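K.L.:
Sequence:
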Amino acid sequence: LTQVTARREAAAGEVKKAPPAAETSEPNGNASSAKDELAWQEFEQVSPIEFAASCLVWPFLCALPLVLTLGGKWCGYAAVFPASWFDEEPVAPERGAYGVADPRLVKPLGLTLGIMAVAVGQGFMLLYHVLRRYALLGATCRIQPQVRQYDYFEGLTTHLSQPEGFVLIGGYLAGTWMLGWMPKSYYAFSGGINWVHVVAQLLLQDLLQYIMHLGEHKISTWLYRHSHKPHHRFTNPRLFDAFNGSLADTACMIVVPFVIVARLVPANVWSYMTFGSLYANWLVLIHCEFAHPWDPLFRRLGLGTAGDHHVHHRLFVYNYGHTFMYWDRLFGTYKDPRSLEGKTMNKGI
Numbered sequence: 002l003t004q005v006t007a008r009r010e011a012a013a014g015e016v017k018k019a020p021p022a023a024e025t026s027e028p029n030g031n032a033s034s035a036k037d038e039l040a041w042q043e044f045e046q047v048s049p050i051e052f053a054a055s056c057l058v059w060p061f062l063c064a065l066p067l068v069l070t071l072g073g074k075w076c077g078y079a080a081v082f083p084a085s086w087f088d089e090e091p092v093a094p095e096r097g098a099y100g101v102a103d104p105r106l107v108k109p110l111g112l113t114l115g116i117m118a119v120a121v122g123q124g125f126m127l128l129y130h131v132l133r134r135y136a137l138l139g140a141t142c143r144i145q146p147q148v149r150q151y152d153y154f155e156g157l158t159t160h161l162s163q164p165e166g167f168v169l170i171g172g173y174l175a176g177t178w179m180l181g182w183m184p185k186s187y188y189a190f191s192g193g194i195n196w197v198h199v200v201a202q203l204l205l206q207d208l209l210q211y212i213m214h215l216g217e218h219k220i221s222t223w224l225y226r227h228s229h230k231p232h233h234r235f236t237n238p239r240l241f242d243a244f245n246g247s248l249a250d251t252a253c254m255i256v257v258p259f260v261i262v263a264r265l266v267p268a269n270v271w272s273y274m275t276f277g278s279l280y281a282n283w284l285v286l287i288h289c290e291f292a293h294p295w296d297p298l299f300r301r302l303g304l305g306t307a308g309d310h311h312v313h314h315r316l317f318v319y320n321y322g323h324t325f326m327y328w329d330r331l332f333g334t335y336k337d338p339r340s341l342e343g344k345t346m347n348k349g350i
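Mapping the sequence shown onto our numbering, position 22 (from 1) lands on 23, and the numbers just tick up by one.
Treat the hints with caution; some may be incorrect.
Stated by the list, open to error - Derived lysine-lysine pairs resembling BS3-like cross-links, with alpha carbons at most 27 Å apart:
1. Lys-230 - Lys-344
2. Lys-185 - Lys-108
3. Lys-219 - Lys-230
4. Lys-336 - Lys-348
5. Lys-336 - Lys-230
6. Lys-108 - Lys-74
7. Lys-219 - Lys-336
These aren't lab readings, by the way, just hints derived from the structure by calculation.
Predicted model, so just to flag it, every value in this text is computed and none were measured.
Take these sequences, add in the hints, and give me the full structure.
P.N.:
Encoded structure:
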C-alpha cells in the first residue's frame, strides 16, 4: 500500500500543462482542447476482487441470450413466448418475384430479441464504464497522458445519437431479417448458443474488418477522406467515440463484413445475437480512455485492447484490427502500446 501511494503521489506531482494540441474542443464531442493537462500515470494491477467484478461485464453483455436459452421452465424462451412466435427449426422465408419476402409473414421475434440483446449489453457496458470512471472498480489509468475532460451525459447522448452506429446497423438488421435475406439457419431457435459459431463470427468479422480498414487507409486519399477520416479526428479517443465517424465508414467496415459472415457461418438466432452483442460492445470498450483490468490477459491471448486501438488512433499506420490482433501480427502491422510508454502512452497499460 505504501508503494502504491508513493506511485500515485509521484504521478500527481508530474501533472503539467500540455503543449498546444491540434485537437478541437469538447462541446461537439471532439478531442480535448489545448488547455487540458498531461497526467503521466502507471497502470496498477487491481485487486482480485476488483478484477473479477470488472470481468463480470463480459457475461452480462450476453445476458439476454443466456437467460432465454438457460432459463428453463421459468424464463426460457419457450416459457416466455407463445410457440407461434418462433420457429424451432431453420425455415427460409418465402420470397416473391422481386427477391424479397412479405414482412407480414416473417416472424419478428428473433430480430426484436437481437436488438434488445445489444441494448441490454450496452446498458451493462455503460454501467461498467461509470464505475471505472469514478474508480469504484479499482484504480484507473488513462491510456494516453493527455487528460480529456468531458461531461459524462454529453458523451452518452453523443454516443446514443450517432446515426452510423444505431440507425444504419439497426436498419440493416431489420431489413435483412424482415425481407427474408438472412440464411435460414438464422431464423432457428433450437440448439441454444453455439460458442464455436460465436467465435467463428467474431474472427471472420474482424478479419474482414481488418481488410476493409486497411483498404480505407491505403487505397486512395479520396476514399479515406470520405469514409474513415472523420473518425480519425479523435487522436485521443474516449469510449463514446466508437461509432462517431461517417455512414460510409460504418457501411464499409461493419455492414459489408456482416453480410459476408452471415453467408459463411451457419449460426442460429442465439449465436447470432450473442455475437452481435459481444462485437458491438467490444468495439466500444476498445475506444475507452482508461486501460481495462483484463488488458494484460487479453494481450497475452492476442485479443484487442483499448491500448492497442489507441495506438491506431495516435499513429494511424498500425493496429488495423479491432477485437483481435492476430491479423496485424500476421501481416506485420502490429505495434505494441508498451513500446510507446513514456512517449505517447502511459506506463504499464
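K.L.:
Now tell me, hint by hint, if it's right for this structure.
P.N.:
Checked hints:
A C-alpha spacing of about 24 Å is found between Lys-230 and Lys-344, which places the hinted pair at or below 27 Å, so the restraint holds. The hinted pair formed by Lys-185 and Lys-108 meets the criterion: a straight-line CA distance of about 13 Å does not exceed 27 Å. For the given pair, Lys-219 sits about 12 Å from Lys-230 by alpha-carbon distance, which is consistent with the 27 Å threshold. Restraint check for Lys-336 and Lys-348: satisfied, since their Cα atoms lie roughly 15 Å apart, inside the 27 Å limit.
Our distance criterion of 27 Å between C-alpha atoms is met by Lys-336 and Lys-230, whose separation comes to about 21 Å. For the hint pairing Lys-108 with Lys-74, the CA-to-CA distance comes to about 23 Å; that is within 27 Å, so the pair holds. A threshold of 27 Å between alpha carbons decides the hint, and for Lys-219 with Lys-336 the separation of about 18 Å falls inside it, so the pair holds.
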